[in-house]
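K.L.:
Take a look at the letters that make up each chain.
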Amino acid sequence: MNAPGLVLIFAVAVLYSTGFYLLLQRSLMRVVFGIVILGHAANLSLMLTDHAITLPPLLTGKDGPISDPLPQAMALTAIVITFGVTTFLLALAYRVWLGDDNDEVPADLEDRRIGRLSEPEDSS
Amino acid sequence: MNTLLAVPVLVPLLGAAASLLMRRAPRLQQGVAVAALTAVVVDTVLLLRVTADGSVITSQAGAWEAPLGVTVVADPLSSLMLAVSAVVLLVVQLFAIGQDIAGLSRAMPQVFHPIYLVLTAGVCLCFLAGDLFNLFVGFEIMLTASYALITQAPTRARVRASMIYTVVSLTSSILFLTGIALIYGLTGTVNLADIAVKLGGAPEELRMVLALLFLVVFGIKAALVPMHFWLPDSYPVAITRISAIFAALLTKVAVYAIIRSQTLLFGRDDISAVLLCVAIATMLVGIFGALVQDDINRLMSFALVSHIGFMIFGLGLNSVAGLAAVVVYLVHHIVVQANLFLVNGLIRQYAGHSSLRAMRGLNTVSPVMSFYFFIPAMSLAGLPPLSGFVAKAALFQAGVGVGGWLVYTALAAGVATSLLTVMAVFRIWVRGFWGTPMPDMVEARERLKRGSHLAGLRFMAAMTGVMVAIGLVVAGAAGPLSEIAFIAGHDLMNGTAYIEAVLGEGAAR
Numbered sequence: 001m002n003a004p005g006l007v008l009i010f011a012v013a014v015l016y017s018t019g020f021y022l023l024l025q026r027s028l029m030r031v032v033f034g035i036v037i038l039g040h041a042a043n044l045s046l047m048l049t050d051h052a053i054t055l056p057p058l059l060t061g062k063d064g065p066i067s068d069p070l071p072q073a074m075a076l077t078a079i080v081i082t083f084g085v086t087t088f089l090l091a092l093a094y095r096v097w098l099g100d101d102n103d104e105v106p107a108d109l110e111d112r113r114i115g116r117l118s119e120p121e122d123s124s
Numbered sequence: 125m126n127t128l129l130a131v132p133v134l135v136p137l138l139g140a141a142a143s144l145l146m147r148r149a150p151r152l153q154q155g156v157a158v159a160a161l162t163a164v165v166v167d168t169v170l171l172l173r174v175t176a177d178g179s180v181i182t183s184q185a186g187a188w189e190a191p192l193g194v195t196v197v198a199d200p201l202s203s204l205m206l207a208v209s210a211v212v213l214l215v216v217q218l219f220a221i222g223q224d225i226a227g228l229s230r231a232m233p234q235v236f237h238p239i240y241l242v243l244t245a246g247v248c249l250c251f252l253a254g255d256l257f258n259l260f261v262g263f264e265i266m267l268t269a270s271y272a273l274i275t276q277a278p279t280r281a282r283v284r285a286s287m288i289y290t291v292v293s294l295t296s297s298i299l300f301l302t303g304i305a306l307i308y309g310l311t312g313t314v315n316l317a318d319i320a321v322k323l324g325g326a327p328e329e330l331r332m333v334l335a336l337l338f339l340v341v342f343g344i345k346a347a348l349v350p351m352h353f354w355l356p357d358s359y360p361v362a363i364t365r366i367s368a369i370f371a372a373l374l375t376k377v378a379v380y381a382i383i384r385s386q387t388l389l390f391g392r393d394d395i396s397a398v399l400l401c402v403a404i405a406t407m408l409v410g411i412f413g414a415l416v417q418d419d420i421n422r423l424m425s426f427a428l429v430s431h432i433g434f435m436i437f438g439l440g441l442n443s444v445a446g447l448a449a450v451v452v453y454l455v456h457h458i459v460v461q462a463n464l465f466l467v468n469g470l471i472r473q474y475a476g477h478s479s480l481r482a483m484r485g486l487n488t489v490s491p492v493m494s495f496y497f498f499i500p501a502m503s504l505a506g507l508p509p510l511s512g513f514v515a516k517a518a519l520f521q522a523g524v525g526v527g528g529w530l531v532y533t534a535l536a537a538g539v540a541t542s543l544l545t546v547m548a549v550f551r552i553w554v555r556g557f558w559g560t561p562m563p564d565m566v567e568a569r570e571r572l573k574r575g576s577h578l579a580g581l582r583f584m585a586a587m588t589g590v591m592v593a594i595g596l597v598v599a600g601a602a603g604p605l606s607e608i609a610f611i612a613g614h615d616l617m618n619g620t621a622y623i624e625a626v627l628g629e630g631a632a633r
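Here the protein sequences line up with chains A and B, keeping their order. In case it helps, the numbering used here puts the first sequence at residues 1 to 124. In case it helps, the numbering used here puts the second sequence at residues 125 to 633.
The set of hints was computed from the structure by calculation and includes no laboratory data. Wrong hints could be hidden among the right ones.
Derived DEER-like restraints, expressed as beta-carbon distance ranges [stated by the list, open to error]:
{"no.": "1", "chain 1": "A", "residue 1": "ILE9", "chain 2": "B", "residue 2": "MET547", "range": "46 to 54 Å"}
{"no.": "2", "chain 1": "A", "residue 1": "ALA11", "chain 2": "B", "residue 2": "GLY186", "range": "32 to 40 Å"}
{"no.": "3", "chain 1": "A", "residue 1": "PRO65", "chain 2": "B", "residue 2": "CYS401", "range": "45 to 53 Å"}
{"no.": "4", "chain 1": "B", "residue 1": "VAL597", "chain 2": "A", "residue 2": "ILE79", "range": "31 to 39 Å"}
{"no.": "5", "chain 1": "B", "residue 1": "ALA540", "chain 2": "A", "residue 2": "ALA11", "range": "33 to 41 Å"}
{"no.": "6", "chain 1": "A", "residue 1": "PRO56", "chain 2": "B", "residue 2": "ASP177", "range": "30 to 38 Å"}
{"no.": "7", "chain 1": "A", "residue 1": "ALA11", "chain 2": "B", "residue 2": "ARG147", "range": "43 to 51 Å"}
{"no.": "8", "chain 1": "B", "residue 1": "VAL174", "chain 2": "A", "residue 2": "ILE9", "range": "25 to 33 Å"}
{"no.": "9", "chain 1": "B", "residue 1": "GLY630", "chain 2": "A", "residue 2": "ALA11", "range": "37 to 45 Å"}
Covered by chain A, according to a simulated footprint, are these stretches of chain B (three or more residues, beta-carbon under 8 Å) [said to hold, decoys possible]:
{"no.": "10", "region": "286-295"}
{"no.": "11", "region": "305-314"}
{"no.": "12", "region": "554-568"}
All values derive from a computational prediction rather than experimental measurement. Where is the CB? At the ideal position from N, CA and C, for every residue including glycine.
Starting from the given sequences, assemble the full structure and let the hints guide the process.
P.N.:
What follows is the structure in structure tokens.
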């Protein structure tokens, strides 16, 4: 494995762990950031599939290695998709904030309510 | 390019564009939307006729040859799924139009129709995709449309629920992308048939890891226990037509993806124990969750989770009979689940809510509606002679054919789940349908009868009736259906027909 590959592997590992950490937070803004970072991690791992990633994907007319254009095309598609959905998520987070004046994910209310049903009547 | 394969994706997309332009003319827009979906129904039925004998038809988009270009494939399984989905999509759309005519919905029809058609295109692309990345794109089209649909008529609860739904789906999409990267790194291809050939030479452990990763990816979308928490929180909150189509199709598309990836791509023996354990957990957790719910829609969502377990059970059996049973189960469950959610939509018109606590005497308020509820509910529970019985009998028979302690445990769990489903359904029946009706329900009925809503309401009820009829047709056509299912099951277990249809003769190992 060449040097850029190794650096990328570390970068991907850090991005995945940061992303999942943020995803588990209560604040919706942090969750959105988590999704963005996870998207980067996935795109970078697509790039990692190519050993000649440092070279351009161009046919120069001379014999010699070029990088594989397919992962780059796939990453590009994925970037567009994550970009679009992130925008949507931001709009949703804003709607939640407008409605409730906070952007925390609440505990599962319906679940709590059903849990209370099993308790004896007089405790309420 | 084979026209039959292009229509289910292209026509809805073009229809979506056209109907977006016609947002000022609602009648015209409805016409375009219905026409587009009718075209898809006709096309998929033709496709089913072509592939019913087990032949696989393929098409290379842009004329790039198989492992390089985008391949579109229809085999018996995918065309059967396409045909059933298209019919259900059309009926739910007509139900929605009825609701709009009646003026009983707060959703914006001019937004609903274009997005609904995009959702259709996404679902069809998922069933037709012949390469992994195209499957990802199909999922994304479908999910992005669903993110927009779930926030129709936004209330605070809906926005909250859609946030959960979007984040969970997006997480699974990102894991999907990671899986694609790993597979591409390993095999250098994203074409499903090509991956199947090349993964054969990969180390056993690596294949197992990939199989588990893809089980998690699609398992989140299919709401397998323990990845099911998002479903009962998000589906019931959406408006009726949308929760109906989500419950009927979206999870089934994921189940289809699980079946396709686990049978075609990965070694099957090693993962079947995992599948059986997941199936047992899914069946039991889902149905126990359903038993304690008060809201009908939430109850149905938990029942949906538990019945996904049956399909995974069939896949875990790893036999032709098991897979054939799963195919029958998929068809049965799509129709029945859509039907139940549509009836819940009708109930909401009378009761104004869907909480079982404040509901009584629906039977007296609307006898027709209780009939429409009773048939699919009994079918869900698996009572003969309805389609649920046919599907469950096939599944249990396949299970006995395979044998082994784990399979028998799963069988026992399956029988218990069926009985508990009867109990859950009867809870709705006893609480909601029996007794003297609540005064406000009688009032609601009188108001609906007098007002201008009647024609639209009748149309909604008629469409629910059509869905009941489709469910009965599925039961009646059990013979031909199981024939196709056995061909599909055989093809799935074997895989050579699929691989050779895509890559050419002699490409399979």
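K.L.:
Tell me the hint numbers this structure goes against, listed in increasing order.
P.N.:
Result: hints 4, 5, 6, 8, 12 break, sorted rising.
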